[in-house]
Amino acid sequence: MTEIEALELLSNYRDAKLVKGVVSKLHQQITRPWSLMEICGGQTHAIMKYGLDQLLPNEIELIHGPGCPVCVTALELIDQALWIAQQPNVIFTSFGDMLRVPGSQGDLFAVKAAGGQVRVVYSPLDAVKLAQENPDQQVVFFAIGFETTAPANAMAVIQADKLNLDNFSILPANVLVPPAMHAILSSPDNCIQGFLAAGHVCTVMGYWEYLPITERYKTPITVTGFEPLDLVNGILRTVTMLEEGRCQVENAYSRAVTCAGNKVAQKLIKQVFIPVNRNWRGIGTIPKSGYGLRDEFHHFDATVRFDTGKIKRSESSICIAGQVLQGLKKPFDCPAFGSSCTPQSPLGAPMVSSEGACAAYYRFGRK
Amino acid sequence: MTGNSPEPIQIQGPVCPIPHHSTETIVIGHGSGGQMSHDLIRNTFLKKLGNRYLLQGNDAAKISFQNSKNGQYAISTDSHVVSPLFFPGGDIGRLAVSGTVNDVAMLGAEPSYLTAGFILEEGFSIHLLTQIIDSMAKTCQEADICIVAGDTKVVEKGKADGVYINTTGFGLIPPGREVGGQFAKPGDAVILSGTLGDHAIAVLQARGHLGFDSKIKSDVAPLNKMIKPLLESIPQVHTLRDPTRGGLATSLKEIACQSQVSMLIEETAIPIKPDVQMACEMLGFDPLYMANEGKVVIILPERFAVSALKILRTSEFGIHAMRIGVVLKDEPGEVHLRTTYGTTRIVDMLSGEILPRIC
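These protein sequence lines map, in sequence, to chains A and B. With my numbering applied, the first sequence covers 143 to 509. With my numbering applied, the second sequence covers 4 to 362.
So that you can see chain A by itself, here it is in the shape it has in the complex (with noise of 0.2 Å):
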């Protein structure tokens, strides 16, 4: 596909008709009020920048899930990233969001300015070569994300492995979905109602994971896409089942999702990790939740190779990143929101990330 057909297809996905003729329909339809969460930070974002929130009935409350793989990084894995990119002879690689997120103290940035080697890749492959190319250092790649970044980091270890490199290694940090819907949806102060499912984690993992979830707790999901299109389109679909009272998983985001997924990828996923308890930042341990390097790659495991044990940690407790994690607050009801809380200066992740919801909601203006 060329550019231009690209965002031919694009700009398909993000006709103002179009929107405006499914916001129709969901003004027709709707009839009282409905909490949904959008799981994924990527269609907050969306949401926040074409402002569909501003279209949508006042019956429908969005409520912004935890689906920013920067935000519920635990503060913990935060900091052994910073304790060991201050190592010597070590390169520590990161996608760039990860950069200013604030650890118990400073961030990579600052270690980066004080002289560590902190390098912003654009795949977890260019740490790969960039440990090739430097054999009398270290490089360590920081694996955050969901679903969606695991087949790459797996790809990592598997190449690194292949060429038998013994100067590479991953902080492993992959947070998984499913997990954390049934800790939102099996909290007591849970008031979603339906969920829009994140389309990118989708495309690997497929939804059939969800099947159970909407079974067991009579909520609905709809795997949904990130342009304004796709974000109407399984707005609507949800309403419509919470409307007819039918609890499933409809697939909205079909041109790149299926329900069995990318099989190839999941397959290098699990020859590679398993899943393991994770600490979610603002959230908490969820079992099962994340991802870590089986025994027999063990040694590619950057808390085995440098010795993490002895990091302390602390956090305070002015903001309110735990709720607006789990939904149960908007950004615009802490505090310390736009005022001592900015990009800039961030309290919390949330605030860090363009996918966060803080930052979403100070960046396009929502008081």
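No lab work stands behind these hints: they were computed from the structure. It should be emphasised that the depicted structure is a prediction, and the values quoted were computed from it without experimental measurement. Even for Gly, the Cβ is constructed at its ideal location relative to N, Cα and C. You may find that some hints are simply not true.
[Unchecked claim] Over 10 Å on every C-beta distance to chain B, these chain A residues come out as not near it, computed from the model:
1) Leu152
2) Val161
3) Lys162
4) His169
5) Gln196
6) Cys401
7) Arg436
8) Thr484
[Said to hold, decoys possible] Mimicking DSSO-like on lysine-lysine, the simulated pairs with C-alpha atoms at most 27 Å apart in a straight line are:
9) B:Lys188 x B:Lys313
10) B:Lys218 x A:Lys271
11) A:Lys254 x B:Lys313
[What the hints assert, rightly or not] Partial list, computed: chain A residues near chain B (C-beta under 8 Å):
12) Met190
13) Gly193
14) Ala255
15) Ala256
16) Pro370
17) Arg388
Keeping the supplied structure of chain A fixed, place chain B upon it in accordance with the hints.
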């Protein structure tokens, strides 16, 4: 996997990391041209060096000499540290001349003289330096300006990245001309001279950061030849600003604050090349924040908008000029953007360094 964990999760209380303000050391975001740069300038430079010239807050300072009958002068300085030194559509030499020429032109001045200071790293190729100087000479000719003083310093290997160039520009503001960021008025039209983000994406591409091939070229160019006929025909122009680091969003926000007005920008009117748009989509960048080196924002009374567009479009650097919005009175300092869907959102300054998103 969810079926195996029936226990409700005990959700912990609110958490928050200790804030990190980066006030003790310089971090890369201080050079982004956005909010962090502004804070550094206000808190560190203006505190000690502030005077009525610096406090004008424009790309160039307006100065005058006693007994001068010729009007006022504009002076501006800029250091150029681009990496790589050569990129599609330009190089550090063309950038060093154009950047300063444009800053001087933004006050309505006609740039005439430049100075150039070079910081060279030990081991740097003289062949490459010659290419850079050639490019500077060509750009000077194009802008009809000459370099009248210069300086070279060499630092040890590893203490610089090849070559850094500082240029200072000087130009006359013809009598009666009043152009500046503080003069935008409610009712004015906002014009943008062309497409956004070409320079930023070209440089990212040259760094090998795009991960795919594109034909995007930097827009780096001296704009004084395009601006001169515009100001001669329409002396009523209120504001000119080149949206370089920090992009269009940061420039508009600065003007709104300086002039104590607000703006409403139409998203659909903003020109963006399809391949730049695509690169931004893939990397998660917003073209509104991407750097430009050959574009200008023009704010002028609405009644002159059509003829201004006509004049701009006769220049090769203004072919894609568009009227993108309007200046308003309410909510001074705010910039709003109306989307394709008729919804609006606030446009803020770039906060730190632009970071590619994760997925």
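Results of checking the hints against the structure:
no., hint, result
1, Leu152, "violated (7 Å)"
2, Val161, "violated (6 Å)"
3, Lys162, "violated (7 Å)"
4, His169, "holds (14 Å)"
5, Gln196, "violated (4 Å)"
6, Cys401, "holds (16 Å)"
7, Arg436, "holds (16 Å)"
8, Thr484, "violated (7 Å)"
9, B:Lys188 x B:Lys313, "holds (22 Å)"
10, B:Lys218 x A:Lys271, "holds (26 Å)"
11, A:Lys254 x B:Lys313, "violated (48 Å)"
12, Met190, "holds (7 Å)"
13, Gly193, "holds (3 Å)"
14, Ala255, "holds (5 Å)"
15, Ala256, "holds (7 Å)"
16, Pro370, "holds (7 Å)"
17, Arg388, "violated (20 Å)"
Hint compliance for this structure: hints 1, 2, 3, 5, 8, 11 and 17 are broken, all remaining hints hold.
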